[in-house]
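Peer 1: Starting from the known structure of chain A, fit chain B onto it as the hints suggest.
Read top to bottom, the protein sequences are chains A and B.
Every position in the first sequence, counted from 1, becomes a number in the working numbering once 24 is added.
Every position in the second sequence, counted from 1, becomes a number in the working numbering once 1 is added.
Treat the hints as calculated values from the structure; they're not laboratory data.
Source: prediction; values computed, not measured.
Certain hints may be false.
Restricting the straight-line Cα-Cα distance to at most 35 Å, the calculated cross-link-like pairs of lysine-lysine (DSBU-like) are [what the hints assert, rightly or not]:
1. A/K82 - B/K34
2. A/K167 - B/K34
3. B/K121 - B/K203
4. B/K203 - A/K146
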Amino acid sequence: MSKFRKKDKGGLPAISTASLPDIVFMLLFFFMVATVMRDSTLMIENRLPSADQVEKLKKDRTIFIYAGKPSDLYKQFGKEPRIQFNDAYITVEDVQSSVIQGINDLNEDLQSRVVIGLKIDKETNAGLVSDIKQELRKANALKVMYIANTKTDKL
Amino acid sequence: MAKRAAPEVNAGSMADIAFLLLIFFLVTTTIEKDKGLLRSLPPIDDTEVEPPIIRQKNLFTVNINRNNQLLVEEKEIPISELRQAAIDFLDNGGGTNPEGESCDYCKGKRLEDSSDHPDKAIISMKHDRETTYEKYIDVQNELVAAYNFLREREAERLYKKYYPNADKVFTAMLEEKEKNQFSKDEVLNERIETVKLLFPMKLSEAEPEK
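Chain A extracted, bound-state conformation (with noise of 0.2 Å):
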């Protein structure tokens, strides 16, 4: 009986897992290099129109805004719709200013060519938006981005 088991045991030898740490570590050096953290907690409802025609934005040099009726959790600020920069609300009053901040905190190479993304709600008024705009030419900033989401083809 035993001599059988003994030829048992050449079975197929273990994988080795020796090398799986390495893989493992490639494909988490590659998340973390492609990470990018949420910079800004979104107070506001936010969801985007759609279009086609649309351009890639160019990130470095971009400063957003939002715009939406405040989310859910912010309820005690009413339903009338809201304007945020970085991670509290302002006034239309305020864009001015903010966004002149937002430029300096930029690379200076950068701040001549600097664009605007509007992050606005599609519920919201237009006018909210004409405001904003009106801010910002203020301010000077004249290149925006009316973020938006590609629309597929309807066809």
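Peer 2: Relative to chain A, chain B alone:
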């Protein structure tokens, strides 16, 4: 005493630690690519210059009211027809530009009561304060699409030979510019500018009334 080799550290749990970190980064990663419509605002101009007189036929008015209805050239039309209407207007070429040249690349109907030349054609957009932003973007999108359509057509006419395999020549040119952003290609830039100048984007927005 003989030198004793240091005992080997057990690396078996390394994979576990790495997996833990990997999963954390997998979950927190959002590879987002924002896209949107790029527009330029007019600078604030305080100088009191008398605005140039623009003839009615060179002006394409688009109004959106508070109920999101669209009024184009005094007629109510659905948004699906806006793009073609704008293309027809821009491409009309019924007269001459300020330099007195007629538009030899326009393929429009050359109507008397529509725009003279793409150089002169202005699209004027006005919206109510209570128009929704979604509708506003829809209209902007259609108008930009009209310009892009015409620029695409001209790019194809002029530069198709350099991009025989490209489906959309103007898009291909812009993509190439994007790719070579660190080595400036003067010829390419000049070509893009040429196409843009054939149909300059003159899209003005009036401030909504309070």
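Peer 1: For each hint, tell me whether it holds in the structure or not.
Peer 2: Hints versus structure:
Straight-line distance between C-alpha atoms of A/K82 and B/K34 comes to about 9 Å, which keeps the hinted pair within the 35 Å bound. At roughly 19 Å between alpha-carbon atoms, A/K167 and B/K34 fall within 35 Å of each other, so this suggested pair holds. With a C-alpha separation of about 8 Å, the suggested pairing of B/K121 with B/K203 holds against the 35 Å cut-off. The hinted pair formed by B/K203 and A/K146 meets the criterion: a straight-line CA distance of about 25 Å does not exceed 35 Å.
When each numbered hint is compared with the structure, no violation occurs for any of them.
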